[in-house]
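Read off the chains here:
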Amino acid sequence: MIGTQPRPTDPLVLVRDAFDPAPVHGLPYLANIIPVLMRRQAQLWLQFRVSSAMDILTMLAQASVFFFVGRAIGGGSWSAATAGFLAVGIVTNTFLQEALSGPYRSIANAYWSVRLESLLLSPCPLIVNVIGDVLWILVNAVLSGIFLAAIGAAFGARLSANPGELLLALGVLMLGTVAVLGIGLVSASMFMLINAKGFNDPISWFVGVLQGLAAGAYFPPSELPGPLYAVARCLPQTYTIDAIRRLLLHDETPRLAQVGTLSPIASDLLIVTGMTAVALVLGVISFRIGLRKARRDGGLSRWS
Amino acid sequence: MIEVEHVSKVFTYANPDANANSPDMWVDYLLSLLGKKNLFHGASRGRTVAVDDISFTVNTGEFFGLLGPNGAGKSTLVKMISTILAPTAGTIRIAGHDIQCQSAEARASISVVPANGWLSMDSHISVDRNLAFWGRLFGLDATMTKTRAREALLAVGLEDQGATLPTALSTGMRQRLAIAKGLLTRTPCFVLDEPTANVDPVSAADIQEFIRARLNREFGQTVLMTTHNMTEAERLCDRVAIVHRGRLAGCGAPATLLAARADRVAEIRLTPAQAGVIAALREHPAILRLQEFPTETGTTLRLLLAEGNGARELATIASGLELSAEDVRTVSPSLEDVFFDVTRDMPEPESIEELAA
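Which chain is which? The protein sequence lines are A and B, in order.
Letter by letter, the first sequence follows residues 1 to 304 of our numbering.
Letter by letter, the second sequence follows residues 1 to 357 of our numbering.
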């Protein structure tokens with residue numbers, strides 16, 4: 001017989017007087033819960049460390065291909081600038097791609113590993129769970145970024161050593177990440193809105209393909225034909241990559257946009273800020289609509 | 001306290017026959033973009049009323065049972081109480097918090113143990129880490145979570161399983177772990193969805209005893225438990241609500257529900273030679289239900305008489321069929337008799353299919 005006999009030392013005897021719920025709203029709660037969510041993701045990551053290491057190795061191999069191809073084609077014209085151009089593009093692109101697909105993957109993983117139900121039964125809002133997961137994904141992406149940057153350096157890439165420019169580039173990266181996270185939330189809401197549960201939703205697929213093709217990760221967007229160049233100019237990723245390159249490499253490729261008399265970097269920054277506001281609002285609204293729909297039709301529940 | 005007031009749930013769905021999903025989801029997306037298919041509702045729509053205007057209150061400290069067969073609407077109701085599903089109409093309050101307007105507070109006041117205990121935990125991290133994570137989600141600090149997790153595991157008899165992965169636990173142990181999560185957060189209300197449905201009889205008895213003796217009686221928790229096991233409900237619950245076809249068929253203390261049918265259940269012993277009586281009894285207007293149980297000496301019939309009938313009518317029926325008085329006796333009704341009595345005339349749930357233009 002388990003646990004049916006009262007034990008003299010059992011403090012749960014007092015449980016009827018002990019309900020004093022901790023606050024589950026507000027900034028203090030968020031400040032406490034986000035690291036907890038990230039730590040849980042880290043625990044899961046460590047659970048599958050061989051698989052994670054294999055993912056990193058695959059990515060490194062794929063990134064190396066670009067450098068080898070660039071050096072082979074570039075021949076005598078291969079330079080530190082070219083290597084830097086590719087290194088910054090690949091690292092930023094990897095980071096933004098994770099922010100784009102992270103929210104959808106967070107929900108899909110939780111749903112298919114039967115953790116989502118548990119999260120829905122807790123007072124922690126689902127969007128906070130998603131953001132906690134994505135932050136861990138981004139921490140992971142930083143590690144990947146360091147490896148990729150090291151490969152770039154091995155191929156001759158040299159970045160700006162100016163701390164101000166490095167900090168500003170980091171700020172631009174964070175701003176661009178938030179913008180892409182907004183699109184990622186729209187993508188995650190597709191899991192609920194159109195029942196896109198197959199680890200492949202139309203939004204992150206479409207935006208991801210455009211990002212790889214047109215955002216300028218591997219070549220300057222100015223090389224694109226007119227219509228694709230126009231598409232590139234609608235993506236926050238394009239301005240983020242462009243601004244970071246200008247800051248870290250003092251890149252002189254043709255500017256993407258001219259806002260008043262602002263410099264190319266300031267113009268990029270202003271446009272990314274505007275896009276961040278729009279994408280974030282759209283992301284939060286569509287996620288809330290999706291969640292409302294899922295609560296209406298039971299689309300997130302596997303409990304039968 | 002859990003208050004459920006005039007709650008209904010209507011599911012709108014796509015007719016699977018008329019709107020079969022393509023094996024390639026991208027074809028589905030393209031069709032919807034081209035306007036050939038309404039991705040949100042499907043080409044053909046229908047609706048099912050899963051819960052229809054149900055009201056009841058589970059009082060503080062009470063052990064309340066939701067009783068009904070599979071498909072009655074119990075789990076839908078419990079999912080709404082758990083805030084996983086939004087009601088189409090009506091209001092649900094948990095410890096005074098409306099599940100629609102104050103869903104976080106409502107969730108912080110209730111612990112839900114789904115039918116499959118594994119649904120409520122992370123199978124990739126240990127029992128200790130599951131509880132630690134759960135406590136933090138409820139806003140507890142790390143130290144308090146650790147202390148309470150130890151207490152909770154002790155209370156459910158899993159104090160030696162802290163380092164184990166939930167997948168390595170038996171079904172009964174997982175149910176107890178799910179209960180431990182509730183004890184950890186000190187929620188005043190517990191909702192248990194068929195907690196003994198998937199466990200062996202010995203573990204089931206163990207869990208029943210724990211829920212009744214410790215969780216409800218000793219710890220003073222308000223318990224709402226769904227079950228289709230009439231004996232379990234009769235033995236454990238202070239009150240039961242009988243749900244059938246999405247509607248509330250009856251509600252009350254088992255003793256009251258049984259007392260109201262005290263004279264209406266009878267047993268008749270028949271020898272093989274008297275088997276012809278069965279057909280006559282089946283046609284008798286005063287008999288609502290007749291069950292046959294083979295015995296070593298013949299057959300025992302269990303009868304449920306219609307309302308307004310009792311021992312006198314039974315004697316009349318027996319003498320009309322030339323049955324001896326010692327072979328006919330009234331017996332105590334069971335909740336199963338009550339269930340049959342209150343649900344027999346309930347209509348089919350509303351199910352409407354409508355073709356979109």
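Derived from the structure by calculation, the hints contain no laboratory data.
Quick reminder that beta carbons are idealized off the backbone N, C-alpha and C, glycines included.
Take these hints with a grain of salt, some might be off.
What the hints assert, rightly or not - Just some of the chain A residues that point at chain B, by a computed CB distance under 8 Å:
| # | residue |
| --- | --- |
| 1 | Pro23 |
| 2 | Met38 |
| 3 | Arg40 |
| 4 | Met54 |
| 5 | Asp55 |
| 6 | Arg115 |
| 7 | Leu120 |
| 8 | Ala230 |
| 9 | Arg233 |
| 10 | Cys234 |
| 11 | Asp251 |
| 12 | Ser263 |
| 13 | Ile285 |
| 14 | Arg295 |
| 15 | Gly298 |
To be verified - Not close to chain A: a few residues of chain B, all C-beta gaps over 12 Å, as computed:
| # | residue |
| --- | --- |
| 16 | Phe11 |
| 17 | Thr76 |
| 18 | Ala104 |
| 19 | Pro114 |
| 20 | Asp122 |
| 21 | Ser126 |
| 22 | Arg129 |
| 23 | Gly135 |
| 24 | Ala279 |
| 25 | Val331 |
* Cut-off 8 Å, beta-carbon criterion: hint that glycine 298 of chain A touches chain B -> 5 Å, holds
* Asked: Was the hint right that serine 263 of chain A lines chain B, CB cutoff 8 Å?
  -> 40 Å, violated
* Is the shortest C-beta separation between methionine 38 of chain A and chain B less than 8 Å? -> Result: violated, 12 Å to nearest chain B Cβ.
* So, isoleucine 285 of chain A near chain B? Judge it on the closest CB pair being under 8 Å. => 17 Å, violated
* Is the shortest C-beta separation between aspartate 251 of chain A and chain B less than 8 Å? -> 37 Å, violated
* Asked: Taking 8 Å as the limit, does the beta-carbon of alanine 230 of chain A come near enough to a beta-carbon in chain B?
  -> 21 Å, violated
* Asked: Are all beta-carbon distances from valine 331 of chain B to chain A longer than 12 Å?
  -> Valine 331 of chain B is indeed farther than 12 Å from all Cβ atoms of chain A, at 32 Å.
* Under the criterion of a CB-CB separation shorter than 8 Å, is methionine 54 of chain A in contact with chain B as hinted? -> 18 Å, violated
* Classify the hint on proline 23 of chain A as holds or violated, based on whether any CB of chain B lies nearer than 8 Å to its CB. => OK, holds: proline 23 of chain A within 8 Å of chain B, min 6 Å.
* Taking the least C-beta to C-beta distance, is arginine 295 of chain A closer than 8 Å to chain B? -> 4 Å, holds
* Non-interface claim for proline 114 of chain B versus chain A (Cβ beyond 12 Å) -> The assertion about proline 114 of chain B is violated, with a minimum of 5 Å to chain A.
* Using Cβ atoms only, decide whether cysteine 234 of chain A comes closer than 8 Å to chain B, and label the hint accordingly. => 19 Å, violated
The structure is inconsistent with the numbered hints 2, 4, 5, 8, 9, 10, 11, 12, 13, 16, 17, 18, 19, 20, 21, 22 and 23, although it conforms to all the rest.
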